[in-house]
Structure formats: C-alpha cells, structure tokens
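K.L.:
These are the residues of each chain, in order.
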Amino acid sequence: MSLRPTQSANFDQISAGIRRNLLALVRAQEQVSTGKRILRPSDDGVGTAISMSLTRQRSGVEAHLTGVHSVQPVMATSTMELESASDLLAEARSLVLQALNGTMAPSDRAAIADQIDQISDAVLEVANTRFGDRYLFGGTETAKPPFVEDNQTQESYVSYRGNNNQQRIRIGKGTTVDLNLPGNQIFGGDQFESLGFSGQTGLKAGDDASSGSGYMRLYTRTASVTGANVAGIAMSTAGGTTILGSHQLAVDGANRTVRLGNGPTKQIPTPAPNNLTLLDGDGSIAVIDFTGWTGAFVTTTLVGQGEISTDNQTWQPMDVFSSNVEVHDATTGNLLHLNARDTRKAGQELVVFKGATNLFDSLRGISADLRAMDDGDNTPEMARLNLRFEELIDGHERLLSGLGKLGSRHQRLNSTESRLQDLSTQLAGLVSEATDVDISQAVLDLQQAEQTLQLTQATGARLMQQSLLNYLG
Amino acid sequence: MTLGLDIGLRGLRAAQAALDTVGHNLSNANTPGYSRQRVDLNTSSPSRVRGILFGTGVETDGVRRITDALLNKRIRTQVSVLSGLDIQLQGMSRIEELLSEPGENGLGALFDNFFGSVSQLSTDPGDQVLRNSMVQSGLNLTDEFNHLSSAIRDAEDDNLQELQFHVGEVNRLAHSVRELNAEIVQAEASQLPANDLRDRREQELRSLAEQVDITFTEQDSGAVVVRVAGRVLVGTQNVQEMQVDATQDGDLTVRIQGSDAEVLPSGGQIGGLLDFRSTFLPKLRDELDGLAKNLILEVNRAHSTGTPEEGGFTLLSGSEAVAGDTQAERLGKLLRSAGLPFSVEEGRLYVNMTDMESGEVKIEYIDIDPDRTTVADLLASLNEIENMNAGLDSLGRLNLYSESGYQFDFSARLDESPNDYFTMGGGRATLGSSSNGPYSLTAGSSLSIQGPTGSAAVIFQASDFANIGSATAEEVAQVINQDAAMIAAGVQAHAVGDRLVIQSRTEGSTETVAVQGGGMATALGFTAGQLATGRDTSLQVEMFGSYNGDKNRTLYYQPAGDGIIGTTPGLQIRVVSEDGSPVAVLNVGEGYVPGTRLDVGDGVQVSFGYGEISATNREVFKQDMIADSDSSDVLVAFGVNSFLTGSTASTIQVAAEIQENPSRLSYSGTGSSGDNGTLLSILSLQDTSVDQLGLSIPEYYSQIVGEVGFDISTTESAAFVAESLVNSLDARREEVSGVNTDEELVNMVRFEQAYSASARYIQVIQQLNDTILSIL
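So the sequences go chain by chain: H and W.
Position 183, counted from 1, in the first sequence is what numbering that gives the first Met the number 0 calls 182; the numbers after and before it change by one each time, with no gaps.
Position 622, counted from 1, in the second sequence is what numbering that gives the first Met the number 0 calls 621; the numbers after and before it change by one each time, with no gaps.
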C-alpha cells in the first residue's frame, strides 16, 4: 500500500512527539533538581533494593557509632575513677610501709589508721561509682550498689553483690565489646590461689585442700598437757600455759634451776611456787606447779594438746600431731585443712585465702591491727600487718590490671569509632553512587531533552501550516 | 436533445454528490473513528438511438466507506492490551507512592529508626528516656505497617468501585452497539448504505475493547454479535448484561447474565483491574503480612524470654486465645491445633522461679511436643512448678501468676549451683545408675534398697508409667519418692537428666545406702550389694559466665575416679554431653585449688569447693546450658510477655501494656538490671536471615520494594510497547481511512470544475435548443 499521509495523523504525531519530549524534559529536570537518579522504585527496581540495603547498612553503622559515643563517657569515668582509686591505694601502701618500718607511738599509728580508714571509704565510694543511675562495677547488676557493708558476727565486712557478667554493646554484625569489668575482679579477688599464714603459731596448710575466701582468724589454746606429773611437779592450775606439741622440761635439782626446751634457764625460787612461768625459746609458755617437788632431777617431755577456734568461743580439739586438722567456719563457709605438726605454742593466727580477699577487708584489717598495737609486744599484730600488706599489694595490682583491661577496651572503642566513621563515609559514598545522579550527565540530558522538544515544536509548527488552502484563491 | 440535457443533469448531480462527499469528509476530518467516504462514479447505461449506442453520461453508484476490517480488529486487540496495562499501572503507581521509598518516611527508614533506638537503649538499658524512645519507634514502625495494610485494603475497595464503573460502561456500550445494530440492519435492508452508522458502531466497539477484550462476528444482516471470554454480550436481539459481585471477604466474580459461570476477561480495563486485584495486590499484601509475622515472631522470641527492670513477673497474661467455645473444648486441644497464630514447636520451656526474700532462683523446665501436649497438659506442667499458677481465662488466654513472695521469668539463666541435690560429693550417701534412661521395666517387678533407717522394696506398676517398657528416670524417681516404705527407710531418688540416682534422705558419714537386689536392679543400672556412704562435708559447685553457644545442651559432670578435690593426685571430673560425647576433662586433683574456675567452653566456667567425689558410686550432676529458653515458641504462640502483638501487617501492634508502661520492656536476657541480652538479640535481626524469609527482615522489605519497582517498570515498558503498536496501527488506519484535506480540496476543485463543465454543457444544449426554436 502506498503511503497516504493525512493531516490528522500528522497532528497526532506532532502532539505525541511534544508530549513525549516534554515528559523526558520533566524527568531530566526532576533528576537535576533532586540530584537523585532513583526517585521511586520503578525508576530502577534492583537499584532501589541495593540503595535501601546500603542505606540500612549505613544507619546500622550510624547506630553503632551512636552507641560507641554514648558509652565512651562511661568508659572514661570508669578508668578515671579507677585511677584515683589506684592513687589512694599507692598512698595506703606508703602509709603501711611507714607503720611497718618505724617504731611508732600508738598515737601516730592511730593517725595512720584513721587515714587508712578514710582511704578505705574513698575506695569503697569508687567501687560504688555511678554513671547516671547505673553502678559501673556491679557486672550487669547495675541498679543496686555492688559493694555493701555486711555485719557478720559483729565484724563489718564489705561484700560484693554484683554478678560476674559484663555489659556489652554491639559494634558490628556479631561483634560486641564488653564495657565494664565486674567489681569483684577489680576490688576483690575472686580466685583463691593459696593459703597465707601470719606465722604466729606454726600452723601450715594441711594435706587436704582448703576452700574459702577472705581472712580467717584462728585461735588455738592448750587444752591439756601430758608428761608433767613427774617427781612431784605438775601443771599449774592457774592456767597461762601455751605450749603445744612436745617440749623438753629439764629440772636441775642441784642448782634448783629449770629450763623449758631451749628457753632461758630459770631459778626455782624457795619456797617452790605453784605457778612458775617457764618460757621456751619459741615463745611458748608452760606454767608449772613446783609445790610437790622435792628437789629431784627431772627430764621429761611435756606434750601440749590443743584446741582450735575460729571465734574464740567455740572450740574444737586439735590433734597437734595431725597434718590434716579440719576447721570449718559455718558463717563464711570457709573450710581449712591445717597441718598442726609444727605448732609450738597457742595463740592467734591470721590465715588469708590469697587471691580471694577484697581490698576493703585488707584495708580495714590493717587499720584494726594498727589500732590494736600497744606499747608492749606487737609481734602478732606486726605479723598480721605484714600479711595484710602483701594482700594490699596484690589487691592494688589486681586493680591496676583491671584498669589496664578497661583501658584497652576504651582504646578498642576508640579505634572502633574511627573505623565506623570511615565505614559510614564509605557507605554514604556507595549510597550516593547507587541513587544519586551524575550531575554533569543529567544536565547534558536536560539540555538534550530541551533541544529535542524545541525541534519538535519548531518542525510541528511549520508542518501544521502546510495546506492547499493557503494557495486556493 | 433531451438526452443531452439528461447527460448534463446527471453530470451536475454526480459532481454535486461528489462535492457533498468532499464536504462530509472535510467536516469529519477530525471526527474520531470516521472513515473517509468516496462517491463511486460510473457511466450510466447507454441508450440505443437509431441503432447506435449513445453514452448517457455519469451515474453515482453510491457512497463507499474506505476501511480495512482486519486492521480494525488488530487495533481493537491492542487497545484492549494497552488499556489493561494502563489501568494496572495507575494502581501500581498509587501503591508505589504509598511506599514512599527510597526516602526518610518509608518503612525502611522506620526499620532503621527502630533498630537505631534499640541499639541506643542497649548502651544504657536502664534509661527511661531511651526506653520510651524504643517503644515510640516501635509504634511508628507498627503504625506504618497498619497504614500500608489499610492502604492495600483501600486499593482493593477502589478497585471494586472502578470495576463496577467499568462494568457499567460495558453495559452502556453494549446497549449502544445493539441499537446501532438494529439501525444498520434496518438501513441496509432497504439498500441504504449505513456508512456513518457503521463508523459509529466501530467506534463503540473500540470503546468496548478498551473496557474489556471482546471478539465479534458480523452476521449477513450487518449486525454484530459481541462476545466476552466466549460468552455473548451483545446478541442479535438483546444484550446480556455484565455484572460484578463482591463477597464479604473481598472475593470478586464477574458474570454475564444468563449464566452463573465466572467470566475471566484478560484484557481491557476490566481485565487489568482484575489482574491487579488478583496478582499484584495479594502478592504485596502476603509479602507485607509475612514480613510483619516474622518480625512479630522474631522480636517476641527475644522479648518473651527477657525480663523487665523489676527482674521478673508476678503476673502475665497471654494476648492470644485458644480457639473453642467451652473451656473443656479448649483444654482438650493439642497445641498444634489450638488455633494460635504462631505455631508451637517441639522443644523446651525453662521457667525460673525466684524467691524474692532469699534471691534464690529455681530453674525448672517443661518439655513440649505440639502433637502430644494438650493445653491442659501444658497448664498441668506449669502448675507443677512450685509457687506457679497457670490457667485459661474465660476467653481462652493463658494466665500465669506466682504466689506472693515469688517472681518468675523465662530467661536463659545459667544455673549457678547445678549440683542441686548434691548428687556428686554430697553429704548424703549417693548411688548413681550405670546407664541413662529410659529403662526397660517389667510390671510387678521390684527394686529393694537398704536405707539408713531400714530396708524397703518398691514394686513397679504399669500404671505408674506412660510406658513401663521405657520408663524415664523422672518416673522411676517419682515412684520411689512416693513409696511409704522407701520414705521410712530413709531413701529418696532423683532424676539427674536421664539418669536415676538413689540417695539417703539424711547427711553425714554415718549414713549408708545399699542396693539389695530386686528384679529390676540390673535393668535400672545397679548391682546388688552396691553400697555408698555419706559424708560430713558437701561439695560446693559453682558456675560462672554466660553460655554463648547456639543450641541448648545438657552437660553431665561425672568423676573419673574416687578421691578428694584438690588433694588426690590425678583426680578428674569428666564432662560429657547428653549424647555421651566428651566435652571437657577437668583436673581437680592435687594442685587444684578448690574454688578455682575451670573452663568448660562456650563462655562457661565451673569451680569446685573442697569435697570428696566417687566414680565407684557413679556420682553425677548435670548442667543445662540454655541458648534458647523457649525452644518450643510456646510463649510467642500464647502471646505471653510479647513486645509486639498481632500476626499480620494490619494487626501488628506494640503490646498495650508496654505502650502504657515502658518499664515492662523486657530488655534483660538474664534477669539482671544492667543486662541487654534481649536487645542484642533484637538487634541481630538487622542482619541475620530469618528461616521463613531466607533473608533478614529489613533485607526482605527492600526486596519487596525492589519487586514493586520492577513490576511497575516491566508493566510500564509493556504499556509503552502496546501504546506504540496502537499508535502505529492507528497511523495505518489513518492512511487507509483518514481524511487528507489537501486531497479533498483537490477533489473539491475537480468536481467544482466538473460541475461547471456540466452546467456549461447544459447551457450549450440550451443554446442548441434556442437556435432550433428561433428557426421555427
């Protein structure tokens, strides 16, 4: 069929052409004015899904970044507070060192004790630091103070009420960072390592293992002495005997002297007393009744059998030849197995579950011991002080290592922050790449659309005017 | 002479007719559907005069329409396709606008905001402002779901109205076609050409094709019979009207009078609307519903096992009701078919009961099999837990409350003292079985035990067991513990996981328990004569850390030798999993300091205090390592402690009690106030793929949006193709049937001249006449 154009077809074509080109112009203009290539999903379905996914990743990164920002002050507060606690402990160490080295007047010791008490309270305050409403050192138990004073058997203890868990925040897919350190890992040991003895009685760790925490005060006393009833001598009923285990007693009838073990030789007065106190080289005492003595030579072995107590009130027998005496403190649950074979004298012993004492107990123990010292013989107190000082040093180191852990976490957070910032920028670039228009290309498109439209209009206008009518007279 | 006048007259008439047609053509040049007409000229029949044939001039045969029927048919088909696509595109674009993606107001951005606020809260879960903001952003998210869902429903309503309108149009056009049919038949019967009537009918048929795809056949009479999807719409005599019926639940049927059968047009606006309604909308709705459902499921999985600020619950009510008219009917239902929106899986629910005064936590569990556990069974198991009460309210919803002084929760806690019954290293004399249950027992057979205060034999009855042939340790323990003689003999039993353990009821080194015999001793894994002695100290076992494995496990701790913790050289405790495979070997002999933590793996540590343990007596304790404290999803199914309620995009909501009181937000995964386990689980939904979707929840949404975009652009390009086809066909039609004004003008001049010529000819004849007449 030959081509047979008609005016009406021509008009339709012109108007369709203008419509089409105008639409292209509007789209190009829209792209230029919004700067976006994808304005609605139908512009590019796949591109939309990709850009949405990228936007989501970016807002995820932003959320993690906000998270990091909001916990950074928490970390900073934790480390700052622990640093101040560390300074306090350093001061406490130098004070205790002073007390251990110098010969001090009781009033000076009391002054040191006061300072130690203040330090203890200040450290307790640090341990109960809050950021906003939450306690920082209670693990995930943030609503209650983690360290509280407990009264057990009239003695005040500080015990940990937090838990062993750590607060975490999410810093990426499947990646979390721990925020805090449970307080018991900073201020109190939670891992019993070995037993320490102040060494006053010669008690040692027994055959079987022990379990428990903190300090344990042990009291031993002489329950009975065998081997004394020879040649009219006997143990005095007045008491005061502290020997445990076997001690040689040698009475020199010729010189009227008596000697206990490797202690000093003592003159037996006349008349022979009923309570002559004899001192062994190891410091143990035997009080002997000489009233029935007729002046004979005596060489005998006194064997002191003992009793042991954790509270100086209820006593249990202690076989001094046993290497596995079991002592159980029902209140604390501590269980000790002791070797009593080397004990020589009765007295007080301080036992520490090394690695499982908290700083507060050490500090309080120190001030109590300082106050307990008097002008007389302070050996047991000094021995205890030494033991507690060691624990204080250990505790301080634990705190420093906690500080180090927190510090490295803080650092990790900081590096995470910069990584996340980089990632966010990178994703922003990708999102822009996926949805944004290449502006120079868009302007070019716009110009092209404009030109095409103008061309269509111009040619249309010319064509529309063509008609035979123009020439028919 | 007369002949000449006749010829002239004919010429005038013919030129007049041609000019009339030119005028008709010119004035209808822009009438849609108009086909140009042409006068058919012919020489009139010659007349014989004196034996010679003379021409008698011109004659108009008639006026003819220039059309191409085949072309018109193709145009109609394409018009149907185009208008169908166009109307679908309109609907899709409306939905596309509603999604407002990509942008800051779409569901995608709201997802981001929600997860952002969860992440923010996780950094300080106790903060009330952040908690409120999480609830608020949750509300924004659910509101948008509701909004989209109702917009889809609105689109369905609009679609129905449009359909009704277009069906009305079809019927109007059908009547018009029938009337035109009648006029054409009448006109053509009397040999009158019905050109313009046919053009109008052609135009009406095209309009009809725009509404719905039609086929028609023309009868000899000139009438057309129009069919839609094979069914007659316009017959020779009358019209069978089209009608659309909507049922209550939105199902549509299009029918044509005279038959109940559904008509399924595939093209035209009606076809397009039906297609949009039956494919695009339901697909989008199903996808959004699936998204909402999975969001609810996953968020609630995390939230239902979490704990709020108060640490636990004293009262919880479910939001979903068990289907049924009577309480008895509801109670009898299996969980699989209880009519709950989320399905219950085979699994285990852990329940923690906290004694508020002592802080002691008891961890219990319930095993659930949806194909065997009925609602009543579930309630019974819950009520069996000490201090717990469970029931259904009058609407069939689950109600849980604890007795005063107790709180309960469902969090995945690590049992810190798993050696509950001191079945390892305890003060009571303890004898463990050598094998795990179930045990094959025989009815009427016995087990006799010598306890500290006497000896007793228990006789097993079939009625005591679900299946005596495979009796569980739990069941055997229960039988022994309820036996009066056993109680009198001072004997009790425990099920340590699947293992049976027999103990003295009292502690101390003077207590003994011995298996004397009985028919079932061997079956239960004991040897006659086996004897265990109690101790004065009990072994303290403590667990630390939190389990970070990904599935629930039960670990059995059993001594590898006899001895004293921290003392006996080489003493070990073996840790094996429920299937017997080794997990860890713990050195607790000489050199082990009691209380030291030992790694069991997966973030869990264990410490043993001082004590004596015995492999000879098969001492054992177990530890449940809980990754998912409700692997049965029973809490989600009953809507207990939900963050989101509902089950579809239209019903999704933030739970009312959390909206009212944001402190009900169960952010903690372990019951402690600073934990954010629940929040971290919710956060992981951002980028963890969900089983049912195969993608993460936000990713799935992007996919939906991408598909909508893809659907639209596909339809758009199909419409573009159809439109250019229609345009080119229309152009072809114009070529055939259109009026070219220049052509007409040329014709006008031509016939004007012909007219003048004929007139001149008549004048000449008249002069001839005058000449003759003047002679006379």
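In case anyone wonders, no lab produced these hints; they're calculated from the structure.
It is possible that part of the hints are untrue.
Between beta-carbon pairs, the in silico distance windows are [unchecked claim]:
no.: 1; chain 1: W; residue 1: Gln89; chain 2: H; residue 2: Pro72; range: 52 to 60 Å
no.: 2; chain 1: H; residue 1: Ala15; chain 2: W; residue 2: Glu187; range: 50 to 58 Å
no.: 3; chain 1: W; residue 1: Thr214; chain 2: H; residue 2: Leu2; range: 28 to 36 Å
no.: 4; chain 1: W; residue 1: Gln658; chain 2: H; residue 2: Glu396; range: 44 to 52 Å
no.: 5; chain 1: W; residue 1: Met355; chain 2: H; residue 2: Gln312; range: 45 to 53 Å
Chain W is nowhere near these chain H residues, computed Cβ spacing over 12 Å in every case [unchecked claim]:
no.: 6; residue: Asn164
no.: 7; residue: Gly239
no.: 8; residue: Ile438
Even for Gly, the Cβ is constructed at its ideal location relative to N, Cα and C.
K.L.:
Please go over all the hints and tell whether each is borne out by the structure.
P.N.:
For each hint, the structure was consulted:
1. Judged by the Cβ atoms, the range 52 to 60 Å given for Gln89 (chain W) and Pro72 (chain H) holds: they are separated by roughly 54 Å.
2. Checking the proposed 50 to 58 Å range against Ala15 (chain H) and Glu187 (chain W) shows it is violated: the Cβ atoms sit about 36 Å from each other.
3. The beta-carbon spacing between Thr214 (chain W) and Leu2 (chain H), approximately 31 Å, falls within the hinted interval of 28 to 36 Å.
4. The hinted window of 44 to 52 Å between Gln658 (chain W) and Glu396 (chain H) holds, with their beta carbons roughly 51 Å apart.
5. At roughly 34 Å, the beta-carbon separation of Met355 (chain W) and Gln312 (chain H) lies outside the given 45 to 53 Å, and the hint is violated.
6. Against the 12 Å criterion, Asn164 (chain H) falls within the reach of chain W, whose nearest CB is about 6 Å from its own CB.
7. For Gly239 (chain H), the shortest C-beta to C-beta distance to chain W comes to about 34 Å, beyond the 12 Å cut-off, and the non-interface label holds.
8. With a closest Cβ-Cβ approach of about 19 Å to chain W, Ile438 (chain H) is found to remain outside the 12 Å limit, as its non-interface label requires.
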